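Protein chains: 6
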Amino acid sequence: MRFEDLNWFDIENYLKRDDRLIMVIGACEQHAYLSLLTDIKIPLALADSASQKTGVVVAPPLNFGCSKYFEAYPGTLSLRVSTMLDVVEDLVVSAYKQCFKKILIINGHGGNDPARSRLFELVDRFPDLRIRWYSWWLSHSVETVAMKYGLKPAHANWLEAFSFTRVSELPTQEKKPPVHPGIVCPKVARNVYGDGSFGGAYQTDEMVMAEIFQACLLDIIQLLDFET
Amino acid sequence: MRFEDLNWFDIENYLKRDDRLIMVIGACEQHAYLSLLTDIKIPLALADSASQKTGVVVAPPLNFGCSKYFEAYPGTLSLRVSTMLDVVEDLVVSAYKQCFKKILIINGHGGNDPARSRLFELVDRFPDLRIRWYSWWLSHSVETVAMKYGLKPAHANWLEAFSFTRVSELPTQEKKPPVHPGIVCPKVARNVYGDGSFGGAYQTDEMVMAEIFQACLLDIIQLLDFET
Amino acid sequence: MRFEDLNWFDIENYLKRDDRLIMVIGACEQHAYLSLLTDIKIPLALADSASQKTGVVVAPPLNFGCSKYFEAYPGTLSLRVSTMLDVVEDLVVSAYKQCFKKILIINGHGGNDPARSRLFELVDRFPDLRIRWYSWWLSHSVETVAMKYGLKPAHANWLEAFSFTRVSELPTQEKKPPVHPGIVCPKVARNVYGDGSFGGAYQTDEMVMAEIFQACLLDIIQLLDFET
Amino acid sequence: MRFEDLNWFDIENYLKRDDRLIMVIGACEQHAYLSLLTDIKIPLALADSASQKTGVVVAPPLNFGCSKYFEAYPGTLSLRVSTMLDVVEDLVVSAYKQCFKKILIINGHGGNDPARSRLFELVDRFPDLRIRWYSWWLSHSVETVAMKYGLKPAHANWLEAFSFTRVSELPTQEKKPPVHPGIVCPKVARNVYGDGSFGGAYQTDEMVMAEIFQACLLDIIQLLDFET
Amino acid sequence: MRFEDLNWFDIENYLKRDDRLIMVIGACEQHAYLSLLTDIKIPLALADSASQKTGVVVAPPLNFGCSKYFEAYPGTLSLRVSTMLDVVEDLVVSAYKQCFKKILIINGHGGNDPARSRLFELVDRFPDLRIRWYSWWLSHSVETVAMKYGLKPAHANWLEAFSFTRVSELPTQEKKPPVHPGIVCPKVARNVYGDGSFGGAYQTDEMVMAEIFQACLLDIIQLLDFET
Amino acid sequence: MRFEDLNWFDIENYLKRDDRLIMVIGACEQHAYLSLLTDIKIPLALADSASQKTGVVVAPPLNFGCSKYFEAYPGTLSLRVSTMLDVVEDLVVSAYKQCFKKILIINGHGGNDPARSRLFELVDRFPDLRIRWYSWWLSHSVETVAMKYGLKPAHANWLEAFSFTRVSELPTQEKKPPVHPGIVCPKVARNVYGDGSFGGAYQTDEMVMAEIFQACLLDIIQLLDFET
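Here the protein sequences come in this chain order: A, B, C, D, E and F.
If you read the first sequence in this note's numbering, its first letter stands for residue 1, the second for the next number, and so on.
If you read the second sequence in this note's numbering, its first letter stands for residue 229, the second for the next number, and so on.
If you read the third sequence in this note's numbering, its first letter stands for residue 457, the second for the next number, and so on.
If you read the fourth sequence in this note's numbering, its first letter stands for residue 685, the second for the next number, and so on.
If you read the fifth sequence in this note's numbering, its first letter stands for residue 913, the second for the next number, and so on.
If you read the sixth sequence in this note's numbering, its first letter stands for residue 1141, the second for the next number, and so on.
One or more of the hints may lead you astray.
As the list claims (entries may be wrong) - Residues on chain D that point at chain C, a partial pick, calculated with CB under 8 angstroms:
{"hint": "1", "residue": "H715"}
{"hint": "2", "residue": "Y757"}
{"hint": "3", "residue": "T760"}
{"hint": "4", "residue": "K781"}
As the list claims (entries may be wrong) - Pairwise CB distance ranges (calculated):
{"hint": "5", "chain 1": "F", "residue 1": "D1145", "chain 2": "E", "residue 2": "M1119", "range": "22 to 32 angstroms"}
{"hint": "6", "chain 1": "A", "residue 1": "D128", "chain 2": "E", "residue 2": "E924", "range": "51 to 61 angstroms"}
{"hint": "7", "chain 1": "E", "residue 1": "G1062", "chain 2": "D", "residue 2": "D889", "range": "33 to 43 angstroms"}
{"hint": "8", "chain 1": "A", "residue 1": "E169", "chain 2": "B", "residue 2": "R394", "range": "23 to 33 angstroms"}
{"hint": "9", "chain 1": "C", "residue 1": "E630", "chain 2": "B", "residue 2": "K380", "range": "27 to 37 angstroms"}
{"hint": "10", "chain 1": "A", "residue 1": "E169", "chain 2": "B", "residue 2": "K415", "range": "50 to 60 angstroms"}
{"hint": "11", "chain 1": "F", "residue 1": "E1309", "chain 2": "A", "residue 2": "D128", "range": "30 to 40 angstroms"}
{"hint": "12", "chain 1": "E", "residue 1": "E924", "chain 2": "B", "residue 2": "R394", "range": "32 to 42 angstroms"}
{"hint": "13", "chain 1": "B", "residue 1": "K415", "chain 2": "E", "residue 2": "E924", "range": "57 to 67 angstroms"}
{"hint": "14", "chain 1": "A", "residue 1": "C99", "chain 2": "F", "residue 2": "E1367", "range": "55 to 65 angstroms"}
To be clear, the hints were calculated from the coordinates, so they are not data collected in a lab.
Note that this is a predicted model, so its numbers are computed, not measured.
Every residue, glycine too, gets a C-beta built ideally from N, C-alpha and C.
Modelling step: build the complete structure from the supplied sequences, incorporating the hints.
Below, the structure written as structure tokens:
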């Protein structure tokens, strides 16, 4: 139930019986050996699955986010934070005007967090608009699974190495986590992070990944029940 | 050769031998019986084909454009024009900083035209940046094919009814083109355009569509030769 | 009936019987041998004539537009596109608040087209605001006259060489139209266009010019009848 | 030597021998019985005279300024202050890029004062850009003449009643100056100011006006000598 | 009665009986031998005294203003004018939403004047919002006291040398006022102003300072009576 | 060593031997029974102490942050997120131009986090600018102390109840932590949070507070050693 497979009549009919919308935001940025679109592919896969279970429609993903940090890695296409705020505002307002009153944003990228501040401004402007925000990798669900298997989640390590985000072989050894350099320019960030992973195992068992995915999916399905 | 199938090492290697990039912009808006993402699907299909022929990489599409006009049709998610200008600027600047010096923007949506003004500002700022812009449906190629078959191209009529943009049955009769209402609010626009098509045949022969596609593809391949 | 010849009492009285306004926008940019204000002089002359026929008042012209393209030609004073959008918004909103509900914008410059996108946003905000936009040189009327005399309209050629836009002698020979260079920086644009004309005859018969002017004037008078 | 009477060749030639430019800004706003364009007509007349004496070219006037205050008076077309700042920036930057390095801005309207703050930012950005700002009615010259004749200068009173700003009969009696109401909304401002004049005599002797004009003209000619 | 000494319950109770608020704006900029926060310390001291007399609460000061001009003097931290306008807007709107309907802004810095333009826009948006603006050093009160003692008020001279703004010894001799250089870059401004004072005596008798302070305080108390 | 106690000569001398600066940002917002300026008072106290130990100068605090969330609590004065980004940019750029090359921002408010995104843009623009960001309550130091005493840190509970942030009696019982309501409008937030505390103990032993303070102070002193 993606917008791309629907026409406007479909949406009009949908809105007669439902007012929920899933929006997907993420980034186009380096993920070490993984796809440059990793931060879109994961929340979109979750959105698709949740849509299948719940019938809630999925808006097209915003394929770019705030990735200034990684701009020295080729293939990273980044929005200024001010632009990101405006895009998220426009999409939410557009949807709201068409009577999508309950919007779940599934976010795949940490750098997009400032958008939450703009969303607080929007719910102040439109009191009957309800927005929920889910950054999947920050959920208790992911934390629980990771701890269960003694894995530490981090950018571009096993955590994001789903079958559908892999575009090349992954290293089999572990990487020593680089020291987080604080607020530095892209060049320094690249020096610090080398291949781009934040360290730990590059991959793990498919079953762990499935467990992570399922846990997040359950979170999402619950969040889509706006009555709770 | 889409970004989503590559990682940053791939792009770094690519940039050692090439500095061209294809960007795809369009809209998420009503297209009568066709997909809400019609304006993305067409330029993206052209970009994929051109990429296959030329090896030029394709950035992720910007799935939204300026569609205020159609905002009374559910499923239309629109950016303010100021936001659109900023997004296009950010993506081009981001790519330019990574040494993509020759960028072809394949545009699928008329409402995005104001972005050209911002691009003129960017090439003034970065003198060695070269940008080309291709609005496929405005090309002489499309005009020629359309005239050859006595068809009039218009929003959401046969012109955009490719196999891959269809998401439902299409009417078989023709539609009388509505009178273009000028600068009016979304509600009036919806009243005027009814099902959303700008009139004429809703579909035509697959061979005509293939001819259109091939003609545009040739245009694009030629535009990607930045020496001419 | 220009604002400059009126005081606020006059406008207050006018608004008791009429709610129409003519706004004139254009550019201050190179027009080869013609006046730098060509893009203002033409729509303003049309506005004055239309005002004489219809009694509709004419706001002061906005003497600048988006002319980044021509900035390497001295005397071109250009607005960023974001600024242009804001100015047009402010003027329209200001007029609307004073109960000018029907506004005809006569535009003299192609680079100002992005302003239309902002106008679509304004009519969405103010549902009882009606705006019409007339880019005189793009009208069917001009096309018809030009074809009748076998002339091709283009920037700074005969099309804009009215008696009142001439500030020097004009070449008598024709110019071979330069190849349109796409989105290039001001320096390249100047190299391509040389004296600044887009080619063809630099001037034509005064009667042709009068015919063009009359045809546009009729268009405008018709557009000012907001009932049609 | 207005831009409107010149083409770009003329400006190019001019710039070979001079790098000075006069810019005129003002407002389109209520001036009681005087022209709505009073704040443009006066600085433009001064600019024309100064141009005649010195040969310095005059850019087209910006016909609008910050007049929110008077927006309840019909015919007042106002820019938001943010827009005003951007317009002034764009015009100055445009001129500077063409090697106008010494710019005198003749301002006809008090509400435009915030633009000075942006100009301070511009001279910081372009160290060899020199800008002077002349608000004619605030000059010591005007003060001196006014005191000499026992007249108090104020908005829309005798001070601005030049022959070329009059568009109707002027009252012959004096007006008691209204109490300045501080930061109030347009409606209150209109209640306070009534016919729009800030009080005192509505007109004075033509010779006084000529003396004012000459005094300002001398100021301007002196300011145009950027060596002092 | 500063916000810092109150919690939100206190403000809620206050708003049951009063709807007035004192806001303090100024600058962090060079003041010759005086504190870098001189432009905050003075209006804040006035605000505190007025609060003591009237019970009106005082919002935290905005410690920065538009000081581009003095940016070559270390310790000057300046806001762009556009930022300043936005901050003032946000604070006023925030307060207004909580039912502070009568706001007195005590301003300590001349460069903040453009904020008044934004305030005019705000009172147009919120008709029942009343704002008063007091730039203490421009008051008739200060002028009167200064004239009485034959002192000329100027930036960073005796006028601002209160006991609480002194952070070092002050020169005992007078300074010849530098020529006001117009709109120049920070470097030139520093060359012109040297130690940063605009000239005249660096200090005067404490009794004069007390008289100035009392005169301003009376002004403020009167302004806080929004009925007059 | 606060700016307010220094003049520009002092800063100029300081910059001859040091290029570090402490900036303090926070919020003016409800903190239950604590001061509305709690989020400023704490980082400022830390900054003062760190300054005493290290000699690094402290810029005036920005007394406002992004607090839209709490705007239904009177006394909360909030900046839009876009404004906040601009203010932080301006202050950092201003300081950087005066050769403060190493800036530590001590942040007292979670809502200010989006500013980090703008800072990443700034270090990209000024490669020799180094910025560190310290949100004291998120430090491992605070976590350690809190765990040691079995206390859970939260907004407006014991964590922020220093002697210098108290402005009234504090409840002696504990509060059941309200359920975090996600992205909701101010009114709902107030309903959920009641007195404004996020729950747990309202106060704890002074010795615990001193331990927290010391731990943060050590962090800051270490961060001020930019060589590590």
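Status of each hint after checking the structure:
Of the supplied interface hints, the one on D/H715 holds, with its beta-carbon coming within about 7 angstroms of a beta-carbon of chain C, less than 8 angstroms. Interface hint status for D/Y757: upheld, as the beta-carbon distance to the closest one in chain C is roughly 4 angstroms, under 8 angstroms. A distance limit of 8 angstroms between C-beta atoms decides the matter here; for D/T760 the minimum to chain C is near 7 angstroms, and the interface restraint holds. For D/K781, the interface hint holds, since its Cβ comes within 8 angstroms of a Cβ in chain C; the closest pair sits about 6 angstroms apart.
At about 25 angstroms, the CB distance of F/D1145 to E/M1119 agrees with the hint of 22 to 32 angstroms. Our hint of 51 to 61 angstroms for A/D128 and E/E924 is violated, since their Cβ atoms are close to 26 angstroms apart. For the hinted restraint 33 to 43 angstroms between E/G1062 and D/D889, the CB-CB distance of approximately 37 angstroms keeps it satisfied. Distance hint for A/E169 and B/R394: a CB-CB separation of about 38 angstroms, inconsistent with the stated range 23 to 33 angstroms.
Between C/E630 and B/K380, the C-beta spacing of about 33 angstroms keeps the proposed range 27 to 37 angstroms intact. For A/E169 and B/K415, the hinted distance range of 50 to 60 angstroms is satisfied, since their beta carbons lie about 55 angstroms from each other. At roughly 39 angstroms, the beta-carbon separation of F/E1309 and A/D128 lies within the given 30 to 40 angstroms, and the hint holds. Judged by the Cβ atoms, the range 32 to 42 angstroms given for E/E924 and B/R394 is violated: they are separated by roughly 60 angstroms.
For the hinted restraint 57 to 67 angstroms between B/K415 and E/E924, the CB-CB distance of approximately 42 angstroms leaves it violated. With their beta carbons about 57 angstroms apart, A/C99 and F/E1367 fall inside the hinted range of 55 to 65 angstroms.
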